[in-house]
Amino acid sequence: MSRSDVLVDADWVEAHGSDPGVVLVEVDEDTSAYDKGHIRNAVKIDWKADLQDPVRRDFVDKAGFEALLSERGISNDDTVILYGGNNNWFAAYAYWYFRLYGHNNVKLLDGGRKKWELESRELVTDVPHRARTEYHAHEQDKAIRAFRDEVVAAIGQDNLVDVRSPDEFAGRLLAPAHLPQEQAQRGGHIPTAKNVPWSKAAEEDGTFKSDDALRALYGDEAGVDFSRDTIAYCRIGERSAHTWFVLHELLGQANVKNYDGSWTEYGSLVGVPIEVGDGK
Amino acid sequence: MSADGCGAPAGGVPVSAAKDAGTQAVVQGRVTQNGSAVPVGYARLLNSGGEFVAEVPLGADGGFRFFAAPGSWTLRVLAPGNVRAEREVSADVGTITELEVAV
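As you go down the protein sequences, you meet chains B and U in turn.
Sequence positions in the first sequence follow the working numbering and run 1 to 280.
Sequence positions in the second sequence follow the working numbering and run 1 to 103.
Hints were generated in silico from the structure; no laboratory data involved.
All residues carry an ideal CB built from backbone N, CA and C; glycine is no exception.
You may find that some hints are simply not true.
Unchecked claim - Each pair of labels, with its calculated beta carbon distance range: (1) U:Thr32 x B:Thr125: 22 to 28 Å; (2) U:Gly81 x B:Ala67: 41 to 47 Å; (3) B:Arg132 x U:Ala102: 30 to 36 Å; (4) B:Pro273 x U:Val83: 33 to 39 Å; (5) B:Glu119 x U:Thr32: 18 to 24 Å; (6) U:Gly81 x B:Lys48: 31 to 37 Å; (7) B:Asp53 x U:Gly35: 27 to 33 Å; (8) B:Pro191 x U:Pro70: 37 to 43 Å; (9) B:Gly219 x U:Gly35: 47 to 53 Å; (10) U:Thr32 x B:Lys209: 31 to 37 Å; (11) B:Gly223 x U:Gly35: 32 to 38 Å.
When you get a sec, could you build the whole thing from the sequences and use the hints?
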């Protein structure tokens, strides 16, 4: 896997974003960002309204994902280019989600919406019309999604990478600093987890750091053992999808899973071990 | 805004919206240029060690808001045209710390 297989840059999007067989998709934390302006011909996916089951805590099922992509005019053969704000945080989540349902021809716009905006590139409000398709999804690829029992089993065995901020890791905050502080019943982290805040993988303009810098960040500095399997988690599984992208797609680690239940589930489980305090 | 997910407030944060910090340590404010709001840009919160902690897009009124932990923080603003600005700020529980950042 090389970077060109999973990333495109802004010049590529300006040149090819409207080509047949290419679909630009904006996925943002701020779900109103698209409506204020987006890259020409981009469609929108709402990480919450479109990707979460409205009743149970889970993703939309296979049929729901098929219905969503068919309605947005995305075919199985299309190259999907995802982008969003905040270092591609939610775009990386959507990337993982597309891969979960077997859409492998998917890439991120490196730097996402932020770099695009800071370079004053064109944003439009026209919403493109894409003809409906008959999208067929695969069953979920459980090789990239972790559930709570395997997380507990991984304590002291595999790499657990907690990608939240140091204050969340220590138990001083329960949510990122731009959100109200609430959610899990207890603060802290899963014992033996290494704390590598997700955003350390990105430069200030939102692009990913070099492979060498990333390998040093997770390996030499944090002590992630690249010969072992890895589970990444955060609060609700979106920041950790960004880290999953870094470890699995950029650094080519074979067995990396994203625990989307993350701290809001783990920190509310009865009886599981929790550590508090700063990383060692 | 939705509090049960990671959703940012729609269109940024109007500064007038928060009247009471309650149990939160709020850092909020507005970014201006020549007295006018800067509606396109990003506010980043860095901890006392200079590490990135959170980022929000500016609202239509140039507004931003963070729910921080008590302590010292650096607020960094990025806007098109290589505009960069930084302010030191301290946050306390139950307090709304207001910043006006002219770039």
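Results for each hint:
Between Thr32 of chain U and Thr125 of chain B, the C-beta spacing of about 25 Å keeps the proposed range 22 to 28 Å intact. The supplied range of 41 to 47 Å is met by Gly81 of chain U and Ala67 of chain B, whose beta-carbon atoms lie about 43 Å from each other. Between Arg132 of chain B and Ala102 of chain U the beta carbons are some 49 Å apart, a value that contradicts the proposed interval 30 to 36 Å. Remark: the range hint 33 to 39 Å for Pro273 of chain B to Val83 of chain U is contradicted by a beta-carbon distance near 47 Å.
A hinted range of 18 to 24 Å holds for the C-beta pair Glu119 of chain B and Thr32 of chain U, which are about 22 Å apart. Taking the beta carbon of each, Gly81 of chain U and Lys48 of chain B are about 33 Å apart, inside 31 to 37 Å as hinted. One distance hint, 27 to 33 Å for the beta-carbon pair Asp53 of chain B and Gly35 of chain U, is violated here, with the actual separation near 47 Å. The beta-carbon spacing between Pro191 of chain B and Pro70 of chain U, approximately 27 Å, falls outside the hinted interval of 37 to 43 Å.
For the pair Gly219 of chain B and Gly35 of chain U, the beta carbons lie near 49 Å from each other, so the given range of 47 to 53 Å is met. In this structure the hint that Thr32 of chain U and Lys209 of chain B lie 31 to 37 Å apart at CB holds, the actual value being about 32 Å. Here the CB-CB span from Gly223 of chain B to Gly35 of chain U is close to 50 Å, at odds with the stated 32 to 38 Å.
Taken one by one, the earlier hints fail for this structure at numbers 3, 4, 7, 8 and 11, listed in ascending order.
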